[in-house]
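Under full-length UniProt numbering, the first residue of the sequence shown is numbered 1, with each subsequent residue one higher.
Any given hint could turn out to be false.
[What the hints assert, rightly or not] Per label pair, the in silico range of CB-to-CB distance:
hint : residue 1 : residue 2 : range
1    : 47        : 156       : 14 to 22 angstroms
2    : 96        : 142       : 40 to 48 angstroms
3    : 13        : 34        : 31 to 39 angstroms
4    : 104       : 83        : 18 to 26 angstroms
[Claimed, not checked] DSS-like, lysine-lysine: derived pairs with alpha carbons at most 25 angstroms apart:
hint : residue 1 : residue 2
5    : 151       : 65
6    : 112       : 138
7    : 138       : 151
8    : 8         : 58
9    : 53        : 151
10   : 52        : 138
11   : 40        : 104
12   : 40        : 4
13   : 35        : 8
14   : 40        : 58
15   : 98        : 65
These are computed hints drawn from the structure, not numbers from a lab. Beta carbons: idealized from backbone N, C-alpha and C, even for Gly.
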Amino acid sequence: MRKKQAKKRPLLPDPRFNDQLVTRFVNMMMWDGKKSIAFKVFYDAMDIVEEKKTDEEKSALELWKDALSNVMPHVEVRSRRVGGATFQIPMQIRPDRKISTAMKWLILFARKRNEKAMSQKLAGEILAAAKEEGAAVKKRTDTHRMAEANKAFSHFRF
């Protein structure tokens, strides 16, 4: 390898919850470098989650973390060419990739929802994912099912 791997830059924790994971999520959600707008959307979504939640012992942030862990995939399929044929090979996912994939799916399926504001969409998707339902959790289930179906090709791992 000619170039060494890029260093991981430390993220500053967010102002309200003092959590680096929140900053990472907001950075993924942000469009055109509008970070303050992205933070406003996230905090508004957290307020909506706080209002709509059913169990009283968990905070909105804990519900969001539950939602993330419910969306997190543990295995994924990767394409690999073996002798002219392309196989879908199930592979374990690195911990940091698990988190970023879960965040991407949560944001993607929140954007596809049909509420009015992004904060409402995000809150809806978080509440659904915390209850193990919604489009993002379905995506994880489908990914796991795909890996399970292609388990026969796991000996081609690289």
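Hints and how they fare:
1. 47 x 156: 14 to 22 angstroms: The hinted range 14 to 22 angstroms is violated for residue 47 and residue 156, with Cβ atoms some 48 angstroms apart.
2. 96 x 142: 40 to 48 angstroms: 22 angstroms, violated
3. 13 x 34: 31 to 39 angstroms: The hint (31 to 39 angstroms, Cβ to Cβ) is violated, given that residue 13 and residue 34 are roughly 20 angstroms apart.
4. 104 x 83: 18 to 26 angstroms: For residue 104 and residue 83 the Cβ distance comes to about 33 angstroms; the hint is violated.
5. 151 x 65: Judged against 25 angstroms, a Cα distance of about 30 angstroms means the pair is violated.
6. 112 x 138: With Cα atoms ~14 angstroms apart, residue 112 and residue 138 stay inside 25 angstroms; holds.
7. 138 x 151: Holds, at roughly 20 angstroms.
8. 8 x 58: 32 angstroms, violated
9. 53 x 151: Status violated; Cα separation ~38 angstroms.
10. 52 x 138: 22 angstroms, holds
11. 40 x 104: 18 angstroms, holds
12. 40 x 4: 37 angstroms, violated
13. 35 x 8: 20 angstroms, holds
14. 40 x 58: Holds. Residue 40 to residue 58 sits at ~22 angstroms (cutoff 25 angstroms).
15. 98 x 65: 13 angstroms, holds
Hint check: violations occur at hints 1, 2, 3, 4, 5, 8, 9 and 12; the rest are consistent with the structure.
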